[in-house]
Amino acid sequence: MEAWMAVVVGALFSVSIYLMLSKHIIRILIGAAILGNAVNLLIFTNGRLTREVPPIIGADESILSAQAANPLPQALVLTAIVIAFSFFAFLLVLGYRAYQELGSDNTDEMRVAEPVDDQTPPLGY
Amino acid sequence: MAGSSEAQIDLTPAMNLEPVALLDWLIVAPVAWCILVGTILLMVRKNTARHHFIAIPAMGVQVLITGALLAQIVINGPTTMVMGRWLPPFGIAFTVDILGAVLAFVAAVVALACTIYGVRDVNSSGRRYGFYSFFFLLMAGVSGAFLTGDIFNLYVWFEVLLIASFGLLILGSEKGQLDGATKYAFLNLVATTLFLIATAYLYGIFGTLNMADIALKIAQSDGTLPLNTVAGLFVLAFIMKAAAFPVNFWLPASYHTPRVVVSALFAGLLTKVGVYAILRVYTMLFSLQREALEPTVNIDALSFAVAIVACLTMVLGSVGALAQTNVRRLLGFLVVSGIGVMLMGVAIGTEAALGGTVFYALHSILVMTALYIAAGMAAKMCGGAEDMTKIRGIYQKNTLLAAITLMLFFAVAGLPPFSGFWPKLMLVKASIEGAPWWAPFSILLTGFLTTIAVGRVWALSYWKPADEGSEDKNEKTELAVTDLVPLVGLTIIVVGIGLFPQTVFELAYQSAEQLVNPTAYIESVFGSEVVE
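Line order of the protein sequences matches chains A and B.
1 is the number of the first residue of the first sequence in the working numbering; add one for each residue after it.
1 is the number of the first residue of the second sequence in the working numbering; add one for each residue after it.
Honestly, the hints are just simulated from the structure, not real lab data.
Note that the structure is a prediction, hence the values are computed from the model and not measured.
Certain hints may be false.
Claimed, not checked - What the simulated footprint calls covered on chain A by chain B, stretch by stretch (three residues with Cβ under 8 angstroms from a Cβ of chain B suffice, anywhere in the stretch; the number is not a length):
{"id": "1", "segment": "2-9"}
{"id": "2", "segment": "61-69"}
{"id": "3", "segment": "93-102"}
{"id": "4", "segment": "106-119"}
To be verified - Capping the alpha-carbon separation at 20 angstroms, the derived lysine to any residue pairs in SDA-like fashion look like this:
{"id": "5", "chain 1": "B", "residue 1": "K429", "chain 2": "B", "residue 2": "K380"}
{"id": "6", "chain 1": "A", "residue 1": "K23", "chain 2": "B", "residue 2": "V247"}
{"id": "7", "chain 1": "B", "residue 1": "K476", "chain 2": "B", "residue 2": "T325"}
{"id": "8", "chain 1": "B", "residue 1": "K429", "chain 2": "B", "residue 2": "P417"}
{"id": "9", "chain 1": "B", "residue 1": "K46", "chain 2": "B", "residue 2": "S125"}
{"id": "10", "chain 1": "B", "residue 1": "K217", "chain 2": "B", "residue 2": "A14"}
{"id": "11", "chain 1": "B", "residue 1": "K390", "chain 2": "A", "residue 2": "L123"}
{"id": "12", "chain 1": "B", "residue 1": "K464", "chain 2": "B", "residue 2": "L406"}
{"id": "13", "chain 1": "B", "residue 1": "K175", "chain 2": "A", "residue 2": "N106"}
{"id": "14", "chain 1": "A", "residue 1": "K23", "chain 2": "B", "residue 2": "P246"}
{"id": "15", "chain 1": "B", "residue 1": "K380", "chain 2": "B", "residue 2": "T350"}
{"id": "16", "chain 1": "B", "residue 1": "K175", "chain 2": "A", "residue 2": "V112"}
{"id": "17", "chain 1": "B", "residue 1": "K175", "chain 2": "A", "residue 2": "E109"}
{"id": "18", "chain 1": "B", "residue 1": "K175", "chain 2": "A", "residue 2": "L123"}
{"id": "19", "chain 1": "B", "residue 1": "K464", "chain 2": "A", "residue 2": "P121"}
{"id": "20", "chain 1": "B", "residue 1": "K476", "chain 2": "B", "residue 2": "A403"}
{"id": "21", "chain 1": "B", "residue 1": "K217", "chain 2": "B", "residue 2": "G207"}
{"id": "22", "chain 1": "A", "residue 1": "K23", "chain 2": "A", "residue 2": "A33"}
{"id": "23", "chain 1": "B", "residue 1": "K464", "chain 2": "A", "residue 2": "Y125"}
{"id": "24", "chain 1": "B", "residue 1": "K175", "chain 2": "A", "residue 2": "S104"}
{"id": "25", "chain 1": "B", "residue 1": "K390", "chain 2": "A", "residue 2": "N106"}
{"id": "26", "chain 1": "B", "residue 1": "K175", "chain 2": "B", "residue 2": "G384"}
{"id": "27", "chain 1": "B", "residue 1": "K175", "chain 2": "A", "residue 2": "Q100"}
{"id": "28", "chain 1": "B", "residue 1": "K175", "chain 2": "A", "residue 2": "R111"}
{"id": "29", "chain 1": "B", "residue 1": "K464", "chain 2": "A", "residue 2": "P122"}
Said to hold, decoys possible - Have a look at the derived ranges for each label pair, beta carbon to beta carbon:
{"id": "30", "chain 1": "B", "residue 1": "A219", "chain 2": "A", "residue 2": "D118", "range": "30 to 38 angstroms"}
{"id": "31", "chain 1": "A", "residue 1": "G10", "chain 2": "B", "residue 2": "F500", "range": "53 to 61 angstroms"}
{"id": "32", "chain 1": "A", "residue 1": "T50", "chain 2": "B", "residue 2": "A32", "range": "30 to 38 angstroms"}
{"id": "33", "chain 1": "B", "residue 1": "Q220", "chain 2": "A", "residue 2": "Q100", "range": "52 to 60 angstroms"}
{"id": "34", "chain 1": "A", "residue 1": "I57", "chain 2": "B", "residue 2": "A219", "range": "24 to 32 angstroms"}
{"id": "35", "chain 1": "B", "residue 1": "A32", "chain 2": "A", "residue 2": "I57", "range": "50 to 58 angstroms"}
{"id": "36", "chain 1": "B", "residue 1": "D467", "chain 2": "A", "residue 2": "N37", "range": "29 to 37 angstroms"}
{"id": "37", "chain 1": "B", "residue 1": "E174", "chain 2": "A", "residue 2": "K23", "range": "30 to 38 angstroms"}
{"id": "38", "chain 1": "A", "residue 1": "Y18", "chain 2": "B", "residue 2": "P417", "range": "48 to 56 angstroms"}
{"id": "39", "chain 1": "B", "residue 1": "P417", "chain 2": "A", "residue 2": "I26", "range": "29 to 37 angstroms"}
{"id": "40", "chain 1": "B", "residue 1": "D467", "chain 2": "A", "residue 2": "Y18", "range": "52 to 60 angstroms"}
Even glycine gets a Cβ: it sits at the ideal position worked out from N, Cα and C.
Can you build the whole structure from these sequences, using the hints too?
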């Protein structure tokens, strides 16, 4: 089970890296979103995959049984999902505003902050 | 039914049933206070004229809180507070040693200067869109990152400060800001995601996220764990946050676009959080192991890679600074170059080198913020121009500003008797003893190149009078009090550290001592019986 999940995580990583290598903001954005989900799956897989045994301590036990699902990665993934989602929302709006203002979503053409014809500093006093 | 079974369970192994000592609340106070003030400022956000009456005293209180925390840590040693009473490693622990406390204190001092400078620099529309709220939330993130003892919690604080920095960066929505913010946002998002990936692997290996617990488990392990892989991932993520060479390009692309006060705050704090995280993770993953296995070998493969990155960063940063005409972009490259100097200390890893890194970080926080503020004031005098060919005759217009800027330029280049000299001395000495010849050479070369870069700015923009016949009349210009107070305050600290470095020396050495030998840190988390 873990091995198959590792393959899925690897596939998601490759897709996201391929998308993020693009020059277009919208493709980078989708790549970042997929990357976020790939990491969530990675955390989940790292914390032991178990089916059918919920992490509940019975009345006559004092600790969780070793076969039970691990609840901690779920807490971590939940936090990461919330953060990744809010970042995605912000970046979507930022990318759209940048497209409106700069007239392009190609990062090669976004040169307002770093102009191409930037002059070099004077060499004499 | 639930009540009867609960009564039989002994909670003492998992929970701290004693009430938290009053002084221990100081550990979490800097974060809680910033979030509280940020929220209050959000509630009164339409009343823009009153914001600084809340923000300045509140940041003053933050300085006092972090100062008290620092004093307490220096006296009592590293201290831990657990959240929700769950004992570590179950609950999230805030563990503060001298390094975290001193950085939190200096961050608060710099933030106070920026709060005061923001009074004139941020207009009412910027305030209405929440400048001061974002500012305090950013400080909550920065303080949280310095104080936490849990690696996932560190990730969360990184995200808190990142989202607040996005808000500050695009305040105004100008074209250049949107352009810079897009690059900043995407690259920083990738960096924090890398951090999360590394954290996932760390959790997969150790099953815990408490830094002290991880350090202990490494000490008890047999040396077959894939530590270098995990450490490599962490280092890549953090040098991206710290803007070191192969992954530094977001910084010069974005730091000159927002308001001056925002640039000043970012340049002071954000990259240093990355450096702090590298220091922390290196200690966690390597120090006990280093001590146990091979105490004489300091440069392993990863540290060697970090040393090369450090050299390239510092030299290319100062070369980049030489090629800039825009003063704020030039300063951005100087931030990058300073990061390289700090990384060199991390790579060497001896107590003296780490002490130098900590000292340099403190110096860099103060000087870079002061320099951005000074550059902003000079630009304001010349009608908002930031080009060094357009800023002219500052010496004629205001001698005090020109003199202060010269001192700060000397400090950033590492000339005595200013604060930049001592950490560079420590690092050059440490790298002569513990690193190949190119390490001290590139530190000295960087100092030389930086001196040329800032010397040219001073000669052209400050010393040279305005051209005859231009509209600029070289008239005397008075400075506003809210501009002058933060600049003079920071400069006094910079000069003071340069003349009387003893206190900072001791703090830096003690931080390095605790980093190299984290026994006290671990004992504060688990109690003294765990570490033999």
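Against the structure, the hints:
Only when three residues or more bring their CB closer than 8 angstroms to a CB of chain B does the claim for the segment 2-9 of chain A stand; here the count is 0, and the claim is violated. Residues of the segment 61-69 of chain A with a Cβ under 8 angstroms from some Cβ of chain B number 1, which does not satisfy the need for three, so the listed coverage is violated. Interface restraint, the segment 93-102 of chain A with chain B: holds (6 residues with C-beta to C-beta distance below 8 angstroms; minimum three). Requiring three or more residues with a Cβ within less than 8 angstroms of a Cβ of chain B, the coverage given for the segment 106-119 of chain A holds, as 8 such residues are present.
Among the hinted pairs, B:K429 with B:K380 is inconsistent with the structure: their alpha-carbon atoms are about 41 angstroms apart, more than 20 angstroms. At most 20 angstroms may separate the alpha-carbon atoms for a hinted pair to count; A:K23 and B:V247 meet this at roughly 17 angstroms. A C-alpha spacing of about 25 angstroms is found between B:K476 and B:T325, which places the hinted pair above 20 angstroms, so the restraint is violated. Among the hinted pairs, B:K429 with B:P417 is consistent with the structure: their alpha-carbon atoms are about 18 angstroms apart, no more than 20 angstroms.
Between B:K46 and B:S125 the alpha-carbon distance is near 9 angstroms, which keeps this suggested pair within the 20 angstroms criterion. Between the alpha carbons of B:K217 and B:A14 the distance comes to roughly 19 angstroms, so the proposed pair stays at or under 20 angstroms and holds. Pair hint B:K390 plus A:L123 holds up; C-alpha atoms about 15 angstroms apart against a cutoff of 20 angstroms. Between B:K464 and B:L406 the alpha-carbon distance is near 14 angstroms, which keeps this suggested pair within the 20 angstroms criterion.
Distance check on the hinted pair: B:K175 and A:N106 sit about 15 angstroms apart at the alpha-carbon level, within 20 angstroms; holds. About 19 angstroms separates the Cα atoms of A:K23 and B:P246, which keeps this hinted pair within 20 angstroms; it holds. At most 20 angstroms may separate the alpha-carbon atoms for a hinted pair to count; B:K380 and B:T350 exceed this at roughly 44 angstroms. A distance of roughly 7 angstroms separates the Cα atoms of B:K175 and A:V112; the hinted pair therefore holds under the 20 angstroms criterion.
Under the criterion of a C-alpha separation no larger than 20 angstroms, the hint pairing B:K175 with A:E109 is consistent with the structure, at around 13 angstroms. Of the supplied pair hints, the one linking B:K175 and A:L123 is violated, its CA atoms being roughly 30 angstroms apart against a limit of 20 angstroms. Taken as a hint, the B:K464 and A:P121 pair is honoured in the structure, with Cα atoms around 15 angstroms apart against an allowance of 20 angstroms. Restraint check for B:K476 and B:A403: the C-alpha separation of about 15 angstroms stays at or below 20 angstroms, so the hint holds.
Straight-line distance between C-alpha atoms of B:K217 and B:G207 comes to about 10 angstroms, which keeps the hinted pair within the 20 angstroms bound. About 16 angstroms separates the Cα atoms of A:K23 and A:A33, which keeps this hinted pair within 20 angstroms; it holds. Taking the CA atoms of B:K464 and A:Y125, the gap is near 8 angstroms; set against the 20 angstroms cutoff, the hint holds. Taking the CA atoms of B:K175 and A:S104, the gap is near 12 angstroms; set against the 20 angstroms cutoff, the hint holds.
With a CA separation close to 31 angstroms, the supplied pair B:K390 and A:N106 exceeds the 20 angstroms bound. A threshold of 20 angstroms between alpha carbons decides the hint, and for B:K175 with B:G384 the separation of about 17 angstroms falls inside it, so the pair holds. Note on B:K175 and A:Q100: the hinted pairing holds, with a Cα-Cα distance of about 10 angstroms set against a maximum of 20 angstroms. Distance restraint check for B:K175 and A:R111: the Cα-Cα separation of roughly 10 angstroms lies within the 20 angstroms cut-off, and the hinted pair is therefore satisfied.
With a CA separation close to 13 angstroms, the supplied pair B:K464 and A:P122 stays within the 20 angstroms bound. About 52 angstroms separates the C-beta atoms of B:A219 and A:D118, a value inconsistent with the hinted range of 30 to 38 angstroms. Take A:G10 and B:F500: their Cβ atoms lie about 56 angstroms apart, and the range 53 to 61 angstroms holds. Separated by about 37 angstroms at the C-beta atoms, A:T50 and B:A32 satisfy the suggested range of 30 to 38 angstroms.
The supplied range of 52 to 60 angstroms is met by B:Q220 and A:Q100, whose beta-carbon atoms lie about 57 angstroms from each other. Between A:I57 and B:A219 the Cβ separation comes to about 31 angstroms, which falls inside the hinted range of 24 to 32 angstroms. At roughly 32 angstroms, the beta-carbon separation of B:A32 and A:I57 lies outside the given 50 to 58 angstroms, and the hint is violated. Taking 29 to 37 angstroms as the suggested C-beta distance range, the pair B:D467 and A:N37 does not conform, at roughly 59 angstroms.
Here the CB-CB span from B:E174 to A:K23 is close to 23 angstroms, at odds with the stated 30 to 38 angstroms. Hint check: A:Y18 to B:P417, Cβ distance near 54 angstroms, so the stated range 48 to 56 angstroms holds. Distance hint check for B:P417 and A:I26: the Cβ-Cβ separation is about 53 angstroms, which falls outside the suggested range of 29 to 37 angstroms. For the hinted restraint 52 to 60 angstroms between B:D467 and A:Y18, the CB-CB distance of approximately 53 angstroms keeps it satisfied.
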